[in-house]
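Protein sequence lines, in the order shown, are assigned to chains V and B.
Taking the numbering used here, the leading residue of the first sequence gets 1, the next gets one more, and so forth.
Taking the numbering used here, the leading residue of the second sequence gets 1, the next gets one more, and so forth.
I should point out that these hints are in silico values taken from the structure, not numbers from a laboratory.
Since we're looking at a predicted model, the values are computed, not measured.
Quick reminder that beta carbons are idealized off the backbone N, C-alpha and C, glycines included.
Just to be clear, a hint being listed does not mean it is correct.
Which bits of chain B does chain V cover? Going by a derived footprint, with three or more residues having C-beta under 8 Å, they are [as the list claims (entries may be wrong)]: (1) 22-35; (2) 180-190.
Listed next, the in silico DSS-like pairs over lysine-lysine satisfying Cα-Cα at most 25 Å (straight line) [to be verified]: (3) Lys30(B) <-> Lys272(V); (4) Lys113(V) <-> Lys37(V); (5) Lys330(V) <-> Lys330(B); (6) Lys102(V) <-> Lys330(V); (7) Lys68(V) <-> Lys315(V); (8) Lys202(V) <-> Lys315(V); (9) Lys30(V) <-> Lys315(V); (10) Lys30(V) <-> Lys253(B); (11) Lys272(B) <-> Lys24(V); (12) Lys37(B) <-> Lys330(B); (13) Lys257(B) <-> Lys257(V); (14) Lys186(V) <-> Lys253(V); (15) Lys37(B) <-> Lys113(B); (16) Lys24(B) <-> Lys330(B); (17) Lys272(V) <-> Lys257(V); (18) Lys253(B) <-> Lys279(B); (19) Lys253(B) <-> Lys272(V); (20) Lys24(B) <-> Lys279(B).
Heads up, incomplete: computed chain V residues facing chain B, CB under 10 Å, no partners named [stated by the list, open to error]: (21) Ala16; (22) Phe26; (23) Leu27; (24) Arg29; (25) Pro155; (26) Gly158; (27) Ile217; (28) Ala282; (29) Val306; (30) Pro310; (31) Ala318.
Protein chains: 2
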Amino acid sequence: MEVRLSLFGFGNVGKAVAEVLLGKDFLFRKRHGMTFKVVSISDTSGTIWLPEGIDLREALLVKRSFGKLSAWTNEYEVYNLSPEEAVREVDADVVVDVTNDKNAHRWHLIAIKEGKGVVTSNKPPLAFHYAELVGEAERRTIPYLFEATVMAGTPIIGLLRENILGDSVRSIRAVLNATTTFILSKMEQGLEFEMALKHAQKLGIAETDPSEDIQGIDAGYKATILHSLVFGPKTFRDAEVRGIVGLNPENLKEARKLGMRTRLVATVEREKILVRPEKVPANSPLAVENNENAAILETDLLGRIVLKGPGAGPKETASGVVSDIIKAAKLLG
Amino acid sequence: MEVRLSLFGFGNVGKAVAEVLLGKDFLFRKRHGMTFKVVSISDTSGTIWLPEGIDLREALLVKRSFGKLSAWTNEYEVYNLSPEEAVREVDADVVVDVTNDKNAHRWHLIAIKEGKGVVTSNKPPLAFHYAELVGEAERRTIPYLFEATVMAGTPIIGLLRENILGDSVRSIRAVLNATTTFILSKMEQGLEFEMALKHAQKLGIAETDPSEDIQGIDAGYKATILHSLVFGPKTFRDAEVRGIVGLNPENLKEARKLGMRTRLVATVEREKILVRPEKVPANSPLAVENNENAAILETDLLGRIVLKGPGAGPKETASGVVSDIIKAAKLLG
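So here's chain V without its partners, still in its complex pose:
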């Protein structure tokens, strides 16, 4: 079975997806009976489009050498298409969105209506248009998959969507943002917020504009997606979100001495989406460190389940994207 992919976004995650598809080509053929052919790649500079399939090795080389796909003019035509146009024109089975385009719901919807599967790690479409996107996909039985939007490739979405089908989930408590964990850990050691943030930026853990992470917006998007999945559609506007700006390191340090960790915790219950810094016992699954995210699910039959795993990183996010690509192909095939 050959599956044609249209890849949107060729930053760190996009490159990691290409690397996994390239490096595991033989394995996926053997294990899943699937061959993936990337027929288009779009970055902010333009779209490379080749119905016979793009040489991913070369694409990665061009991107790494020149920083943009549009430099690749010796062999490939570079098209100047909006994502909407690219989704319409490129003949593909699955559209893969690893951009951070806040308006991507528009072209997700076009893809679904054209009968194309969608795999996304991009959160705003889900955090603002869940009902419309998932509803349309379900009506048309088109795969619309978004594992990598929450906890990167750690399969919290798959666990909730395709497993524990007989249980009713009562609540989810989770740490869903690794950047704030890093900053809070540093503050527990006594660093001022601004210093901790700068440290995170220097290490590439926080972005140049860190507002989505430190204001709790990223965690709020993720918590909203979990609510939509488990309890029914909501948008980010329904979420009550408080970030970590203004916290006092002395307070965190003191709490740490008493065996508590301060983490940005999301609580999701029916009709409730809450993100705020909370003190959790050091032996709680939520007292994560570094890159790790954690979710505690309370259900009626099982009681408590805990899932922990990486919550960020290109390879870790590519894991979720590629798993979804394989799932989408199975559902289409």
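Following the hints, put chain B in place on chain V, whose structure we already have.
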């Protein structure tokens, strides 16, 4: 969509399955568009069989009042059928095995060949005949599901089978038996093995014949099933298993003082199935208490994922069985 079930085993787990199907009838209709009709129930006393569907409320009442289904002669004919005969004769969509029949692979195979889905919490069929059963089911695209064989309803099987599809699992380290955790915890407090075992038996945590648990056989079955699923078919005969008999409480107590817990740990890697008591740091995910099981997965893309949840209990096991029944129905429907 109406799904006809043939239930084998009406002990604690079987009753819990019936209770969930009964209590969540309305929810499953709403959430999954499914109605479940139990057309036969077999216990060691006989088989109740009614193509129009058995009244589960009454079946539970009879079983609770008289201890056996064969007492139910005023309204229902009680048939004396072997499981093989029942599987052949009863017209059902899914055969549900919650017995501990060590020879159940025979009737699982008959069910698959007759085009019936199989859902099982019974371990020996999988631990000894995985290749044959799963192979036959795959050839015929019949659902053959076994979530509840490992970690009860905690969805370790679903996570490994239907998620992280792009990852290669390198190793699994897990605590898969709650009875030994209980006994070992008591021994860490200084109780002799025999006393700890008696305590567990009194509480109904260990069985009258506790050998499968304390000799590591139960954990070995589970580890074998995980190996078969992730790395390829093996049988329990390939497992290296050491139980907890003969451990010295002084040694465990001493380790505990040094911040270590002694647990029965399963290690599963390609071509390796090992179960033995090990000392793990108190802050390791494997340092579980009570009913909790834990698994640490190491994969190439994600690094480490941890899944924790209940590993035993009627309701907790029914969670896995019912989730699989819903999955089977979706696959058949």
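Are the Cα positions of Lys186(V) and Lys253(V) separated by 25 Å at most?
Given that 25 Å is the threshold and the Cα spacing comes to 10 Å, the pair holds.
For the restraint on Ala16(V), tell me whether the closest CB of chain B is nearer than 10 Å.
9 Å, holds
Holds or violated: Lys37(B) with Lys113(B), Cα cutoff 25 Å?
22 Å, holds
Lys24(B) and Lys279(B) were given as a pair; does the straight-line alpha-carbon distance stay at or below 25 Å?
42 Å, violated
Given the proposed pairing of Lys272(V) with Lys257(V), does the C-alpha separation stay at or below 25 Å?
32 Å, violated
Are three or more residues of the stretch 180-190 of chain B within 8 Å, CB to CB, of chain V?
violated (count 0)
Closer than 10 Å between Cβ atoms is the bar; does Arg29(V) clear it against chain B? Give me holds or violated.
13 Å, violated
Has the given pair, Lys257(B) with Lys257(V), been kept, meaning a C-alpha gap of at most 25 Å?
Within the cut-off at roughly 22 Å; holds.
What's the verdict on Lys330(V) and Lys330(B), does the C-alpha distance respect the 25 Å limit or exceed it?
15 Å, holds
Can you confirm whether the C-alpha distance between Lys30(V) and Lys315(V) stays at or below 25 Å?
22 Å, holds
Regarding the pair Lys253(B) and Lys272(V), is the alpha-carbon distance no greater than 25 Å?
It is violated: about 45 Å lies between the C-alpha atoms, which goes past 25 Å.
Checking one constraint from the list: CA of Lys37(B) to CA of Lys330(B), max 25 Å. Satisfied?
Distance ~15 Å between Lys37(B) and Lys330(B) Cα, so the pair holds.
Going through the hint list in order, the structure does not satisfy hints 2, 6, 10, 17, 19, 20, 22, 24 and 27.
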